[in-house]
Amino acid sequence: MKFLKSALVLAAGTAFIGALTLGAGSRALLAQDLEPDQILHPAPDSWPLYHGDYSGKRHSSLTQITPGNIAGLSLVWAFQTNQLATIKSSPLLVDGILYFTVPDNVWAVDARSGHLLWHFNHTTTEGDHIGHRGVAMYKGWLYFTTPDAHLISLNAKDGTVRWDKLIADVKQGYWSTMSPLIVRNHVIAGVGGDLDNLTGYLRSFDPETGATQWQWDASPAAGTPNATTGGMTWVTGTYDPELNLIFWGTGNPTPVLNGTVRPGSDHWTCSIVAINPDTGKLAWGFQPSPHDTHDWDAVEVPVLVDADFHGQSKKMLMQASRNGYFFVLDRTNGKSLLTSPFVPANWTLGVGKNGEPIPNPDKEPKPDGRLIAPDEGGATNYRSPSFDPKTGLFIVDARASYSLYFAKPADGAYGWAGADYGVWGKGMIEAIDYQTGKIRWSHEVGPYGSGAGVLTTDSGLTISGDSTGSVLALDTSDGKTLWHAGTGGPMQSSPITYELDGRQYIVTSSGGVLFSWALPPGAHTSEHPVKHTH
Amino acid sequence: MNRIRAVVIPVSIAGFLALQIGLFQSDKKPVHAASALTNSTSSGAQATVPASSPTPDGIGSASYAKRCAICHGEQREGILPAFPPLIGINHQLTNDQITLLIHNGKGRMPGFASIPSEELTALLKYLDSAPAMTPALTAGPAGNRRGPQLSGEAAAGGALFLQNCAFCHGRDAMGGETGPDLTQSKLVQTDADGSKISAVVREGRIEKKMPAFQFSNQELLSLVAFIRARETAAAAMKGNRRGVDVSDLQTGNVESGKRYFNGAGGCSKCHSPTGDLAGVARRYEGLRLEERMLYPRDAKSTVAVTLPSGEKVSGTLAYRDEFTIGLRDSSGTYRSWPVENIKYTVDSPVDAHAAQFPKYTDDDIHNLMAYLQTLR
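Going line by line, the protein sequences match chains C and W.
Under the working numbering, residues 282 to 815 are what the first sequence spells out, in order.
Under the working numbering, residues 33 to 408 are what the second sequence spells out, in order.
No wet-lab data here; the hints were simulated from the structure.
Every residue gets a Cβ at the ideal spot worked out from N, C-alpha and C, and that includes glycine.
Hints may contain errors.
[As the list claims (entries may be wrong)] Looking from chain C toward chain W, a few residues come up when the C-beta cut is under 7 Å (computed):
1) I411
2) A503
3) T749
Extracted from the complex, chain W is given alone in its bound form:
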């Protein structure tokens, strides 16, 4: 095993070095890497230039178009997260290292062992040339470019994002372990100046286990810029959209869903299509609707407390652990007691949603979803 790895490791390092480029810049030279892109933006072109026309070397660009563009993008911008951008690859790898990669391949990248040396030389030269356009990842939101500054800001934000956010939200902010896809987040979409995003980052979302982070204002701005850049890149994916689309959640049957609502699901015991659920499909759609259907996290419980004196107090359940019960009464006043001193009963209608989980088939859920979507 050791001997095999000795051969594999240098190749894989080279391969994954390439993956990092343009993604979040090299930590060694963040300023340099950002300014390299900045320069190309200002000197290169604001407008999109076709890939084939302005490059000095037709053989190199043709070779790139034929062999590389399908994965690394027509403009070398990469198709993240699977395929790394190649813009600026010359800052990260020597021509010998790139040659080794082209010859041997890496991971899912095929090797091109028989590429003619003339073509290889031209391809290396092409890879070394300035890009025709700014890669989407490091650019600001379309229509809101504030010039070169923004790409550096987004890049700096990307580095912070990778260290602190990527584990849960995915390296590309499109969702990952536990954390939601930020590019489809309502909060992100409606946050004109970044203040809502900043507030969430500063405060965390303790109830959803998101920790608070202590970033400077500048760092927060860079994070917001990065998330915006990811939002723009995601929007550009169009039909090939990752994550959960409204269109993905249309596999159910309306009639079956209606039967489940009124029968086995027990939904009609508490809900009515002409009452509380009237127009629900106008208020929520897609994944948000389905999540709320399965378990509305913000549903309120009520609590009735009897004090040792016999006095009765009731209100909205505001806090509960093993030792303390807290409520907010009709005047909005918060009151709490040690549980051993009182008698209390909690009414949580939402518990019926949790009790339903073991009973659902996946078809039940899709059918119910189809039915709820008719309540417009």
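With the rest of the complex left out, here is chain C:
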């Protein structure tokens, strides 16, 4: 692997500034500052929110790195957190600085050199330390959720605390891992917590004062007879400024595997909901898993696509859901356009007229066990898919899997309330044709599954990873591998890309290390790619 000398990077960077015309959104601000308009229209030299933009497509218009020259992609720098906690966050990039997290920790790193600017460590002794997806930013402030379900506002310049507010009560069993969504002057944060029978919710905070603006509850208050709890909100939603709606996936109902005490559909758990960001009022809801008994959170990214659907121009929402089904909705009203399985799924009696799968009661967990596809980890999980507009492909880290689900009266009706055991699984990156639900190509990534998120670019690249720790660059048109590099562990985050000083970077992670990749300076201007030096 070729490591570049910093002097060379500086010289090369300077040369490129004049050589390349940057997009209209390019800014020359020196202070760390992010106005709402810059989140609405992200510049190529920024990745200002979790998904990169409000649509959740995780697709970049950058074209410097191409299928033709990616063989020369090299490591620019690696940043070591020196922690065992796995990086599951998407970094933000604002004004040349990357901000990323693991539980209790935020790092600000120079995106050009990979050197540390500041590190915020807020050790918490309570709450689940299962993972952390990253910070949000508004103007000069960062917003960081904690395992004990606080929302902390930090000064982006130095990581000092401005204020610290409660999202939820950790004593009840809540935690928080997610990167909040900023919509104008709303900081919208969600919660986790399905070890207990608790109501999932979204809460909106004032970005300046931290005052609560509204709260939307996914399920009735705990203790409501015959009603579900749950519907945690632990993955960042998306936003349509024209409709002024945020779209959010909600988690599983509780008790998790025992559905007998919560008859019916269990609204709005395992759902996709559309909510007004100013009022917190529900506009519509759609339920990928009505009456879930398999822990299939429907929190996966609700991707917003404006395109043709069977000859009609549509404002769509697409989700590859943990339960094995791919959904296309009309996001103006939540009506189904397409429901189609993308991996083996054996738990339904079919699909209802409303596009929602109909759960098979005999495939609920039973005392002597039921063989269920997919398993509890699901057909996909929190890592992001990507939508490539040119090919119309929805590309997702998918898993085929089988497992045994058990539940009996002794398991009770609180928290997990049953047992499940995965017996087999394998992973593949799948490219789904959103018009038909058909799998256009499938690229195997190893036993059990990889868990790496997906990024696509306008040049026709798909960036993801495999289960043994290789970063992969695939050709978006056919899924063939164009480039790879072993990083020592599977990617548990979703890749990002941006352009700085005229040079396109791709940032990935594995374990506690962040990697920045780019073409060697000058390589992309050459007709013939520079030979890759190992």
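Here the structure of chain C is known, so what remains is to put chain W in place on it, guided by the hints.
Same frame as chain C, but now just chain W:
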């Protein structure tokens, strides 16, 4: 929605504060909480004392027995994970807060709005009294008590467990999202000194997606103590055992299973009840047997490689990804090649198990299980 929550939240906080007590102690005062229990162990009694006899207030204990014990346990030890212990509740809630809970209820806890004030006062006093015995959760394994030290150790381990392990293994270590029930784990059961548990925690189980954790030796000891305490508590559940028991997996039909084995299942193509499967039910039972039946994770594949020179190498498949193939030959030597430089064929008989998944009915599985259990 906002207005309703404003009323609900204080009550629910109080209710769930109670849930945390004794479970994993308050983080604010871990030493205090642990020593409170320790004191009661040493000063209270080593032996079990009946609930009703030693308490100063007969009305309070009678009220507790009548109204609370069915859920919170005769000794206030709780029935985890659903019902919180109430020992030490006075360290967490004021009498006003407890009164509010008793009057209004919380979650599945009913309210006792009409409890006479005299009885309520006695009940509060009873709840404030020292417990008669150490709660199972914070105590060490039965028959292996090393005195007060252990309960503190297990409690400290419980706090670590909650932060790092509970998401997958369940808050009570009896299984949860992805992670197995540790109280029924063979490794836990056969780990006399905690070294096997410690090794797994330190190294992780990468192939099963369990991460490695960096704990100090003291922290590892406390985790082991906590898991032991959970094992003991689970064993005490007897007939009401959660999780998957051998007895749960007896719903199949032996004859149907035998037919499936020799027919539609295709099992007899590779396996024989008098050959490789002879005595299999003596080697494995219950869930372990069923998991192995469906997919034996440790099954070996072989690989035959032809090098550019024409040389042929074969052995046990040791590594495979998209770019590299590795094998261990008959001498135990590991060799690997970039796949583009060689030709190779992998023979994985275990793939037949994966191919069977879409074909099984649940009855097929239960019947096959019934048949395999006859191969003793």
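We went through each hint and held it up to the structure:
1. I411: The hint holds - C:I411 has a Cβ within 7 Å of chain W, the shortest such distance being about 5 Å.
2. A503: 5 Å, holds
3. T749: 5 Å, holds
In the structure shown, no violation is registered for any of the earlier numbered hints.
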